[in-house]
Amino acid sequence: MAVKTFEEQNLILNMGPQHPSTHGVLRLVLELDGETVVSCKPVIGYLHTGFEKMFEQKTYWQGVTYTDRMDYLAPMSNNLGYSLAVEKLLEVEIPPRATVARVVLAELTRLASHLVWLGTQAMDMGAMSVFLYCFRERERILDIFEACSGQRMMTSYIRPGGLAYDLPNGFAEEVKAIVDVMPARIDEYEALLTKNNIWRDRTVGVGVLKLEDAISLGVTGPNLRASGGTLDVRRDFPYCGYEEYDFQVVVGERGDIYERYVVRIREMRESLKIILQGLKRLPGGPHVTTDRKVAFPPRSELATSMEALIHHFKLATEGIRVPAGEVYSVIESPRGELGVYLVADGSAKAYRLHVRAPSFATLQALPLIAKGGLVADLVAMIGSLDPVLGEVDR
Amino acid sequence: MSDQTTVAEQPAAPEKDPVLAQVEERFGEKLLESSVVLDQPTFAVRREDLIALATFLRDTAGLQFVRLSDLCGIDYLDLGKTPRFAVIYHFHSFQLNRWLRVRVPVDEDDAVVPTLTNEWSGANWFEREVYDLFGIEFSGHPDLTRILMPDEWEGHPLRKDFQPPKEPHEWSFNPEEWQKAVQRGS
Amino acid sequence: MGLAMPSDAQSHQKDGAPAMLFTKLTDWGRSQSLWPMTFGLACCAIEMMGSAASRYDVARFGSELFRASPRQSDLMIVSGRVSQKMAPVVRHLYDQMPHPKWVIAMGDCSSCGGMFNNYAIIQGVDKVVPVDVYIPGCPPRPEALIDGIMKLQKRIAAKGSKEGEQ
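Protein chains in written order, with numbering that gives the first Met the number 0: chain U, 0 to 393; chain X, 0 to 185; chain S, 0 to 165.
Rather than coming from a laboratory, the hints here were simulated on the basis of the structure.
Mimicking DSBU-like on lysine-lysine, the simulated pairs with C-alpha atoms at most 35 Å apart in a straight line are: (1) Lys-179/X with Lys-150/S; (2) Lys-159/X with Lys-57/U; (3) Lys-57/U with Lys-313/U; (4) Lys-23/S with Lys-179/X; (5) Lys-194/U with Lys-40/U; (6) Lys-57/U with Lys-126/S; (7) Lys-179/X with Lys-158/S.
Chain U with its partners taken away, still in its complex shape (with noise of 0.2 Å):
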């Protein structure tokens, strides 16, 4: 019997958007020759929820509380981000104690959003343990947060003008704590990996992603740096105070998954750095401005003031006036350079506010890394890129 011989085509793969390690609802079109990706594609979209829009319709105030959904990895990143975009416009004075405190949290929010970076990734290649390790410290930056906001993720807790509220009572001491236990459960996790021969033989000169590749396609942050690109907003672009602060910016060279674990790692630990820093210099005082037109002012002064009570009316109906203007302000969140376009029109809502979101430029990267790969890499390449999708897709 003559055995009927088939045509060899590359085969249409569909991996997501539900899947478990595609980091959120991302999808992705492979074609693929045997196991080597010959192009993938990746479709976006399926967590669009029209943040921009919202931004458009809801007060200022009220704004904040949308972007801690975006990346909702490191959402105090998200609301400092805003916050000093909108104060630009207002060019208000910040009081040095939540300015401070701005830069702990959002070290501490980097903190945060690498170890599940790091879980995550691991938990992908089957290091199951570092996932567990991993949330075991994040529990506890989430309690922190929960003490000073109420609530442990979507905190909303750095607004225009300052903080939410003040810092609660052992602060300093809670986070010194984790600070000093840090470096150790950091070395437990580097025990496990870095010189792991499987995590090593998985990830070096695995999803090399170029120099210049990486600069024409926008991507920023530990991914640039790991591929040589020496932006850190943090340094050359310092907000919050940064300039004073002492720490190094993590750069690599290769560009490949192992630089890129190796670069957040050593973040992770500079993190720890500015936050001991950072509570050496936290100052008493306010931890809101002063300005009336922008904070609520104290409600012992409502009883006797009726200027406070004034402002206090038109602050609660309205909200915060942002003169006319436009601005493109950024910060270094845990992902990269987050940019915020705003265009303010001198009303109490945003007329258009744009969110740079890191990650969207980041996955644009992944069909070039992908690309000549095996599929078995592809799950470590999305996963070392780390993109968050609420951002992507906002």
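Put chains X and S on the given structure of chain U with help from the hints.
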């Protein structure tokens, strides 16, 4: 990070921002707008001059705005400006450590802008997003399709006069029928 | 619309204590070993991961494994906002799950659209799939998710699993 404005001999005349000076010298009347807002130079050009300006900003020594940071659209309908739309580009220079803004006004009836994907591959998804949410097309874009909304979606959500569809989509799950089925089963 | 299963209604009509005991046992077993599908959509998914991790450990409640394939899971925890593009996918996955199956709408967005009353978000995943338990919160704490799972467990053990069937 920001250029220090040096005090000139005549105290009333501050020195012009060097980025502004260089660009104005090269492009002159082609610039519809040229200013510095909160230390961010802002230029406006017509779409024909966009690529020339962008590549000049990238390649000139002393400017080196090599990174395209952001690309977004804006609808000026409620502000009453014409043309109605604009595409806003933000470029970043490692050397000068600054960001600048380029605005390209776009007419409602002729909403086409040349693509920047040939110069910056990262512009790809940003331009698709502007197309999806505003309806502005980018000529020469390799794959100008909707990126955030479903492919069969009608309308451009971020336009100021966008009306969401009145009828909710009918999904295959019908609550009334399911209720009836549960009651039948029990 | 899922695999055809012999209706539990028939077994309840059978006379005799052994049949009833057997059904009660299977219901109890199903409730104590709910295997969720990995269906994290947005921020609630991170709290779901937190509930599966070291401190809250939902594995104690029977959800030892989060199965990736809908064919191997019986609980779909819709954790996060459901966008226009994602809604048919949710329905598709729900249809692939074999009976008996349950759905928990975790968080405000999947319960009612949450803070996103706009063009992009489906105002509640119950417009797409039938929901058994709604857990409010933005995001609900891991303890709240575990409370929701426990409520579902009680419900399954008490009323039986036929409510999960259509």
